[in-house]
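Enquirer: Got chain A; can you put chain B on it based on the hints?
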Amino acid sequence: MLTPSEPIVAMPTAGRILVLFAHPSPVRSEANAPMAAAARRLDGVTFVDLYAEYPALEIDVDREQQRLRGHDVICFQHPLYWYSTPAILKEWQDLVLEHGFAYGAGGTALRGKVFFSAITASGAEAAYCAAGYHNFSIRELLRPLEQTARLCGMTYLPPFALFGAGTAVDEGRIHAHVADWVRLLTALRDGRLDMARAASLPRLNHDLDGLLGAVGAALEG
Amino acid sequence: MGGMLFQAFVYLCAAVIAVPVAKRLGLGSVLGYLVAGIVIGPVFHVVGSETEQLQQFAEFGVVMMLFVVGLEVKPQLLWQMRARLLGLGGLQVLATAGAIAAIGMLLLEHWQTALAAGLVLSLSSTAIVLQTLSEKGLIRTDGGQASFAVLLLQDIAVIPMLALIPLLAVPHMAGVAQHAAAAAGAGAVQAAVGGHGADMSLVAGLSSWAYALVVLGAMAAVVLGGHFLSRPLFRFIASSHLRESFTATALLLVVGIALLMTLVDLSPALGTFLAGVVLADSEFRHELESDIEPFKGLLLGLFFITVGAGIDFGVLRDQLSTVLALTLGVMAIKGALLFVLGRLFRLRAADHWLFALSLAQVGELGFVLLAFSTHNAVIAPEQAKLLSLVIALSMLLTPVLFIGYECLVLPRLRGDAEQPADAIDEQGTVIIAGGARFGQVVNRLLMAAGVRTVVLDHDAAIVELMRRIGIGSYFGDASRPDLLRAAGIEQAQAFVVAIDDRDRAVTLVEYLRREFPRLRILARAFDVDHLYLLRTAGADVALREVFDASLELGAATLRALGRHPFDVEKLKRAFRKHDMETLEELYELWDRDLELSKNRALLERVRARTAAELELTARDRTLLHDRSERGWTPPPRGYTDAMESGESDDGPTAP
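Read top to bottom, the protein sequences are chains A and B. Residue numbers 0 to 220, in numbering that gives the first Met the number 0, belong to the letters of the first sequence in order. Residue numbers 0 to 654, in numbering that gives the first Met the number 0, belong to the letters of the second sequence in order.
Just so you know, the hints here were simulated from the structure itself, not pulled from any lab data. Careful, some of the hints might be misleading.
What the hints assert, rightly or not - Below, simulated DMTMM-like cross-link-like pairs (lysine to aspartate or glutamate); rule was C-alpha separation at most 25 Å, straight line:
{"id": "1", "chain 1": "B", "residue 1": "571", "chain 2": "A", "residue 2": "93"}
{"id": "2", "chain 1": "B", "residue 1": "569", "chain 2": "A", "residue 2": "93"}
{"id": "3", "chain 1": "B", "residue 1": "384", "chain 2": "B", "residue 2": "481"}
{"id": "4", "chain 1": "B", "residue 1": "571", "chain 2": "A", "residue 2": "52"}
{"id": "5", "chain 1": "B", "residue 1": "576", "chain 2": "A", "residue 2": "97"}
{"id": "6", "chain 1": "B", "residue 1": "569", "chain 2": "A", "residue 2": "71"}
{"id": "7", "chain 1": "B", "residue 1": "73", "chain 2": "B", "residue 2": "481"}
{"id": "8", "chain 1": "B", "residue 1": "571", "chain 2": "B", "residue 2": "583"}
{"id": "9", "chain 1": "B", "residue 1": "576", "chain 2": "A", "residue 2": "57"}
As the list claims (entries may be wrong) - Residues of chain A clear of chain B, computed beta-carbon distances all greater than 10 Å:
{"id": "10", "residue": "25"}
{"id": "11", "residue": "33"}
{"id": "12", "residue": "50"}
{"id": "13", "residue": "70"}
{"id": "14", "residue": "80"}
{"id": "15", "residue": "103"}
{"id": "16", "residue": "104"}
{"id": "17", "residue": "140"}
{"id": "18", "residue": "170"}
{"id": "19", "residue": "188"}
{"id": "20", "residue": "189"}
{"id": "21", "residue": "195"}
Claimed, not checked - With the Cβ distance kept under 10 Å, some of the chain A side facing chain B (calculated, not the full set):
{"id": "22", "residue": "52"}
{"id": "23", "residue": "54"}
{"id": "24", "residue": "59"}
{"id": "25", "residue": "97"}
{"id": "26", "residue": "99"}
{"id": "27", "residue": "102"}
Note that the structure is predicted; figures quoted are calculated from it, not measured. C-beta: ideal position from N, C-alpha, C; glycine also.
Just chain A, same shape as in the assembly (with noise of 0.2 Å):
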């Protein structure tokens, strides 16, 4: 029986990673598109632009489960809309976490899978706690894909996230940014983070260093 206290998933193992990626409007995107031409470059990486697959949000069940079977960490790349995902991975998720498939009677097919989100909001971290302007740390907020993770028996992490999005090209923190996605996606993908420290974690790259750096002294002691 598992519980949300304990992670199915306690140690690193090396995993194929899908990154469905979900912006309506990439064009005038600054943040998410360095994100997604990083993460499409990347061996060991899927990469689906949700809203260029499906323009008429006509999701293909089928392939979609498909595709999630065939990895082991899935990620949600997306800006921030109204607290959550944009329209498309709202309907993905209707869509495609069948009963049967994602949970209930035989719905095994993601268990033991990690699941995380790389999100962009515009709004600056200290607006996102308690007596922030958005009332709500951003891992509090995403609580809905936290708890449809753990039903369907997943790992969850906490989110990658980058605040400020809107002026993060003009402050140059793009860059380090997009640096930062990289390597934690090259650590999954290698099996070379800490799943148990991350999970404690308020967002994925609160302390990065830590952890990829505790892991490698784990595994060379």
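Expert: Okay, now just chain B, sitting in the frame of chain A:
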């Protein structure tokens, strides 16, 4: 008759052999024609005395070329060019004529002769330069445009030059001149002034202000006639649907304008250029261009051959060093001045070199002015012979300079910072064949997305209607390769086939696929059979014209019956998906030589698929769980009870 056929045979033979060889060697067609001319003329003496008469005839190719060039130059473009036309062009003529005249004064007896030589040599060859530039695709570059502006001004400048030269007569030369003129072929003179000579001039004996009025009147006639009369005429001709009558009309137009210009002692080339500019906005532009093009090409080729054939090797042998020195000297002076002017007018690296190298020769108008000067006792016949050789040799060397530009200049500049691509005017990135109901919607969507399009339709009435509502379209049969070229097929990225004729649509797709392997071809199909034919022909996308509309109307009907709109939407999606799959499946069974009604295997499959379709919708009504409902189906009843009691060990459960 036999003699004429023999000559035609010789000239065509020379062209057919020399031009492809020259092009294969990367030398360009102009050099091929020139060499062919040298071979059949001075080398083997297959042709001889008729060359000069032929040349007058062939010069009509230059007239046609300027008409075609004019078609590409919209009036606004001409207006944008005014600074270059007057500044760059004017300075080029004045500076070159002045410099050569100054040097001539040191070498020659009479200053008049020197000045006339300066004027003659200041001109460049419109025929060679424009032909080579467009052949190499350089006409639209900045350097090409600058060269064009200068050439255009030179054509205009010939008019005052012809007025000036008689005033330069050297008295004691006059006696010889009469004789010389006859020998040198006065025809060439008249070709320049107007092809038929003074006997047909309308303006002989008019005072200068009256002449000016007549000239202005003729120009106005061309502009206004071109603007107001040509369209109804073309529309009338187009409605006859006879290709050759349109071609005849196009030729009539060019010949008529040339005749008019001749009658008022103006350059026919200038007149047809003007007519071309007036018609550049017309929907018949591409059609006119492709009709005149072959005549222009043949006549220009003939002209180049006659230049090659006319080189007098006797004089060349006797005065080889003088001719060579003069030719190279003249080209060096012209090139240097062009280079300075190019700098002055801020041409950038590659364009600057192109400009200086392309215009360094002396042109065909030089022959004309030379004969005219001899006739008017300004230049002595021996001097004229020498200068003729200089002109011919400089023309012969021009293709070499172009090769130098390509092989020496360009590779060196390529290392420099990438220059922004030159703007390509009116070369749509998408060509739409067929502008009626179907193509029109396609075009409107593309235009709304900011895509450049060229719409072609063979129905003049449709074209007119579309132009009236502000959609740029052209008259012409899109299944003709020459018209497609005129419409810019080489630069097109995608091609939409929306023509009404089933068979022609398939032929067009086949042709496009064969000639332009990288072009994206999107075609409108009338039915399944046509769709398969288009696909086999090589269309990347083929869509049945009524399928989507029928499906929408079916959906609207279901909504009218009270079905929930989103249920209808889901059913429509499922139906469409099923139909697309069927289409793919049946393609494998389809046989183009077998009628659909006789293709048993295919019909059997259709029956099976239709049955599946009915079953699919029937199940939908009862089970609520099928393709059209997929994913919006709730989990089974009682599912949460099992989950909450934690009994299920099939799937993960919440605590």
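Enquirer: Taking the minimum C-beta separation from residue 195 of chain A to chain B, is that value above 10 Å?
Expert: holds (19 Å)
Enquirer: Are residue 571 of chain B and residue 93 of chain A close enough, with their CA atoms no more than 25 Å apart?
Expert: Roughly 20 Å separates the two Cα atoms, so the pair holds.
Enquirer: With a cut-off of 25 Å on the C-alpha distance, tell me whether residue 569 of chain B and residue 71 of chain A pass.
Expert: violated (32 Å)
Enquirer: Grab the minimum beta-carbon distance between residue 25 of chain A and chain B and tell me whether it stays above 10 Å.
Expert: Correct as stated: the minimum Cβ-Cβ distance to chain B is 16 Å, above 10 Å.
Enquirer: Decide if the proposed pair is consistent with the structure: residue 576 of chain B and residue 57 of chain A, CA atoms, cutoff 25 Å inclusive.
Expert: holds (10 Å)
Enquirer: For residue 50 of chain A, is the shortest beta carbon distance to chain B beyond 10 Å?
Expert: holds (17 Å)
Enquirer: With the threshold set at 25 Å, check whether the alpha-carbon distance from residue 576 of chain B to residue 97 of chain A stays at or below it.
Expert: holds (20 Å)
Enquirer: Taking 10 Å as the cut and beta carbons as the points, is residue 140 of chain A off the interface with chain B?
Expert: Since the minimum Cβ distance to chain B is about 21 Å, residue 140 of chain A lies beyond 10 Å and the statement holds.
Enquirer: Please confirm whether residue 80 of chain A is truly not at the interface, meaning its C-beta sits more than 10 Å away from all C-beta atoms of chain B.
Expert: Since the minimum Cβ distance to chain B is about 21 Å, residue 80 of chain A lies beyond 10 Å and the statement holds.
Enquirer: Was the hint right that residue 59 of chain A lines chain B, CB cutoff 10 Å?
Expert: For residue 59 of chain A, the interface hint holds, since the closest Cβ of chain B sits about 9 Å away, which is under 10 Å.
Enquirer: Take a quick look at residue 70 of chain A and tell me if its Cβ sits farther than 10 Å from every Cβ on chain B, holds or violated.
Expert: Answer for residue 70 of chain A: holds, closest chain B Cβ roughly 18 Å.
Enquirer: Beyond 10 Å from every Cβ of chain B: is that where the Cβ of residue 33 of chain A lies?
Expert: holds (23 Å)
Consistency with the previously given hints fails for numbers 3, 6, 15, 16, 22 and 23, ordered from lowest to highest.
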